[in-house]
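Chain by chain, the residues:
2 protein chains.
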Amino acid sequence: MKSISGNSTVKEITPGGLKASVGCEVEINACVHKTGRLGGAKLVLLRTGRYVIQSVCAKDFEGDTITEGAYICARGIVKDEPRAPYGIEIELKSTKTLSLPSSEYPLRVSNRVLESTLETNLAHRSVSLRHPLARAVFRISDSVKHGFEEYLRNEGFVNVRTPEIIRPTGERNMLPLRYFDKDAVLSRSPQLYLQMSVGFFDRVFESAAVFRAEKHNSARHLCEYEELDLAMGYIRSLEDIMQLLTALLRHIAETVSRECKHETELLGTDLPQITDIPSVTFREALDILGKDSTQADLDPTDADRLCRYASEKYGSELIFVTHFPPDKRPFYIKDSTDGFTESFDLLFRGMKIASGGQNTHSYTELCAKAERSGINTKAIQPYLDAHKYGLPPHGSASMGLERFVMKLCGLENIREARLFPRDMHILD
Amino acid sequence: MKSISGNSTVKEITPGGLKASVGCEVEINACVHKTGRLGGAKLVLLRTGRYVIQSVCAKDFEGDTITEGAYICARGIVKDEPRAPYGIEIELKSTKTLSLPSSEYPLRVSNRVLESTLETNLAHRSVSLRHPLARAVFRISDSVKHGFEEYLRNEGFVNVRTPEIIRPTGERNMLPLRYFDKDAVLSRSPQLYLQMSVGFFDRVFESAAVFRAEKHNSARHLCEYEELDLAMGYIRSLEDIMQLLTALLRHIAETVSRECKHETELLGTDLPQITDIPSVTFREALDILGKDSTQADLDPTDADRLCRYASEKYGSELIFVTHFPPDKRPFYIKDSTDGFTESFDLLFRGMKIASGGQNTHSYTELCAKAERSGINTKAIQPYLDAHKYGLPPHGSASMGLERFVMKLCGLENIREARLFPRDMHILD
Numbered sequence: 001m002k003s004i005s006g007n008s009t010v011k012e013i014t015p016g017g018l019k020a021s022v023g024c025e026v027e028i029n030a031c032v033h034k035t036g037r038l039g040g041a042k043l044v045l046l047r048t049g050r051y052v053i054q055s056v057c058a059k060d061f062e063g064d065t066i067t068e069g070a071y072i073c074a075r076g077i078v079k080d081e082p083r084a085p086y087g088i089e090i091e092l093k094s095t096k097t098l099s100l101p102s103s104e105y106p107l108r109v110s111n112r113v114l115e116s117t118l119e120t121n122l123a124h125r126s127v128s129l130r131h132p133l134a135r136a137v138f139r140i141s142d143s144v145k146h147g148f149e150e151y152l153r154n155e156g157f158v159n160v161r162t163p164e165i166i167r168p169t170g171e172r173n174m175l176p177l178r179y180f181d182k183d184a185v186l187s188r189s190p191q192l193y194l195q196m197s198v199g200f201f202d203r204v205f206e207s208a209a210v211f212r213a214e215k216h217n218s219a220r221h222l223c224e225y226e227e228l229d230l231a232m233g234y235i236r237s238l239e240d241i242m243q244l245l246t247a248l249l250r251h252i253a254e255t256v257s258r259e260c261k262h263e264t265e266l267l268g269t270d271l272p273q274i275t276d277i278p279s280v281t282f283r284e285a286l287d288i289l290g291k292d293s294t295q296a297d298l299d300p301t302d303a304d305r306l307c308r309y310a311s312e313k314y315g316s317e318l319i320f321v322t323h324f325p326p327d328k329r330p331f332y333i334k335d336s337t338d339g340f341t342e343s344f345d346l347l348f349r350g351m352k353i354a355s356g357g358q359n360t361h362s363y364t365e366l367c368a369k370a371e372r373s374g375i376n377t378k379a380i381q382p383y384l385d386a387h388k389y390g391l392p393p394h395g396s397a398s399m400g401l402e403r404f405v406m407k408l409c410g411l412e413n414i415r416e417a418r419l420f421p422r423d424m425h426i427l428d
Numbered sequence: 001m002k003s004i005s006g007n008s009t010v011k012e013i014t015p016g017g018l019k020a021s022v023g024c025e026v027e028i029n030a031c032v033h034k035t036g037r038l039g040g041a042k043l044v045l046l047r048t049g050r051y052v053i054q055s056v057c058a059k060d061f062e063g064d065t066i067t068e069g070a071y072i073c074a075r076g077i078v079k080d081e082p083r084a085p086y087g088i089e090i091e092l093k094s095t096k097t098l099s100l101p102s103s104e105y106p107l108r109v110s111n112r113v114l115e116s117t118l119e120t121n122l123a124h125r126s127v128s129l130r131h132p133l134a135r136a137v138f139r140i141s142d143s144v145k146h147g148f149e150e151y152l153r154n155e156g157f158v159n160v161r162t163p164e165i166i167r168p169t170g171e172r173n174m175l176p177l178r179y180f181d182k183d184a185v186l187s188r189s190p191q192l193y194l195q196m197s198v199g200f201f202d203r204v205f206e207s208a209a210v211f212r213a214e215k216h217n218s219a220r221h222l223c224e225y226e227e228l229d230l231a232m233g234y235i236r237s238l239e240d241i242m243q244l245l246t247a248l249l250r251h252i253a254e255t256v257s258r259e260c261k262h263e264t265e266l267l268g269t270d271l272p273q274i275t276d277i278p279s280v281t282f283r284e285a286l287d288i289l290g291k292d293s294t295q296a297d298l299d300p301t302d303a304d305r306l307c308r309y310a311s312e313k314y315g316s317e318l319i320f321v322t323h324f325p326p327d328k329r330p331f332y333i334k335d336s337t338d339g340f341t342e343s344f345d346l347l348f349r350g351m352k353i354a355s356g357g358q359n360t361h362s363y364t365e366l367c368a369k370a371e372r373s374g375i376n377t378k379a380i381q382p383y384l385d386a387h388k389y390g391l392p393p394h395g396s397a398s399m400g401l402e403r404f405v406m407k408l409c410g411l412e413n414i415r416e417a418r419l420f421p422r423d424m425h426i427l428d
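Top line first, the protein sequences correspond to chains A and B.
Residue numbering for the first sequence is 1 to 428, as defined by the numbering used here.
Residue numbering for the second sequence is 1 to 428, as defined by the numbering used here.
All clues stand as given, with none of them false.
Rough simulated footprint, nothing fancy, chain B against chain A, three-plus residues with beta-carbon under 8 Å:
1) 118-130
2) 181-194
Below, a list of computed lysine-lysine pairs in the DSS-like style, where the Cα atoms sit at most 27 Å apart:
3) B:Lys215 to A:Lys378
4) A:Lys328 to A:Lys369
5) B:Lys182 to A:Lys182
6) B:Lys145 to A:Lys145
7) A:Lys2 to B:Lys407
8) B:Lys145 to B:Lys407
9) A:Lys291 to B:Lys2
10) A:Lys145 to B:Lys11
11) A:Lys19 to A:Lys34
12) B:Lys378 to A:Lys215
13) B:Lys79 to B:Lys93
Honestly, the hints are just simulated from the structure, not real lab data.
Where a beta carbon is used, it is the ideal one built from N, C-alpha and C, also for glycine.
Build the full structure now, drawing on both the sequences and the hints.
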């Protein structure tokens, strides 16, 4: 019998920790990112899980041959070195090889920028992500999610997990699967389950995997992506959800700024300053765009122009558009006056990143709306039942994580914001 | 144009907040959980998203008729009342109905215990979850996840999101789907992707949806459930992972204790005191059980008996069993001496709740192991490639969230630990 105390876990190495150890000997586990010469000495760039730390072999260095791509345990003295990253350098005394690659990298990961095409980088995803710029995106993505969860938990929201396998609702672009003896599809959104959950938790959120059979290869679409969703009960109007989303995004930007200073500097990421977000109605938006009122939704060019308008006129990188016609909105969105709906889109840097609204809480209205929009009401009976037995007035919002991160980091293709992307061609 | 400041979000009502408002008038949004008589007054139990708060109509009460199941906005004066839950009572001055149910509840949600069968409760899930005991489980589940994420983030782990749609690997019990013109399956575990991610992040975790086509109706299995997974690079041995898991579980228990005092009291949940966890090898375990050494794994009865042994002999509700034979272990687990593997299971209150081990980081060894175990190596080529280009020594662990919560809360069926469970019969 042994006894596991949980008291001897291995701590992470950080530049701050090294800086505090100047003059001391340290042990550091890392991958050999690059070797070269610096002055008269052998230069070894050490890639940890987050940083690339400069080291040079000491005159009395004793250790294994240092190969690029090898994982090593290095020992050395930390020195002040203002010209090195983070102002420190390690003078290596010895190294021990922990793991050697069987093959050279197919990509030049130690170059300042990965020069290979996106297609090549995706074909060697576990290697291209070893590039400091490629992986930095996912620290930021993690931080966005952390900010999302932290803010909502503090506001009394419960993090739930809802099903991804659901009955076919008759909507298009769903991925079908066979579930024992039944036909099923993969969920496009956790929204119906979140709204049901408002009946017992008032406030819920989920970061859900969602699926769409996108039969085209746009730079803005994925077949499997992550949606940050929330639903809230007892709202007085659409505006309560927009207020919440504004405060939430402000907290997310602050979280990324605090947690990912290293990555935002690496990528040159410009975080948005979120103060007041301007909001125009869909009808006002069409006026601004000089378009006629027969249009039922905004197209990508409209989004781009409205963002430029918000930036020039109000100094905001974000703009809400509210009260869309019902045609392109989910069936559960509440009607407002004059044939519009209690809905909104949030645009950021030329792209829609979130949408939401106030939902109908009337059972009879909801059933009528579902039937009108051609939904298979049998497939969503439990959702309709939740309304039959009563739900408070409620609203919801959802944000596409990869789209937001793409815009935040200034990426050109959404695939760069997904660790292992799936599209109609890629399944590896 | 309007302007959304994000400064007027609606705050959650808590007993602590009410206690601090004794003598003041408050506004509270809630569902009418139960009505009755208390002394000479009309009693109204108000169910918020977390609590049930006692209120009585004041003599000068003016408001709508108060119906059970209605969602209302109530105004009243907070009074000290030692006999009421949380020591407070609201003297209602007025109420406004926000939403009325179209139908009475099919279950007796206001009874102290839901007396209907599990089958009935699941058939009316959005109603049965309105019962304070049923929903309390999911506040605890959220808190377990929060503790898991918080601890690992503090230790430098990155939260990643890996694909759920994967190529068929030849393993059994996978749910098949058609992905455009390709055959695909739903993932049983995010482990392979997490191990690949060790190459660029060193330490990663994910709370992943996982899928198994369980063709039976046991109280311990679901077809769609949540797995808390982690992988860590640069481990020196199996024990580093077990140390981490012990510290992690201790933090989770502390998080639940801090965040869910209300729910653990409601459910009478006995949280484990995690100090040292005893650890025996599989061979020692068979000795303890008096079983012969031809057995390749522990069965549920063994797990139960080993837990009783750990409790009696070491006063621990948890016990590690290590070094299993390779037969029932994942192909990637590293071999140890004498035909065993660097693997472990963690048992808690008679059930396996987690497993893990040190993984092979040698490319050639990994390929040989994959072929030997009948895996379609083409389907996992990107995983094998990550090893070809080098990974540090690494290990991993995974824990079934619903199983852990089931044991934590003393539930009899795992379906009670899943908000909207899926099994071979239920797809609603």
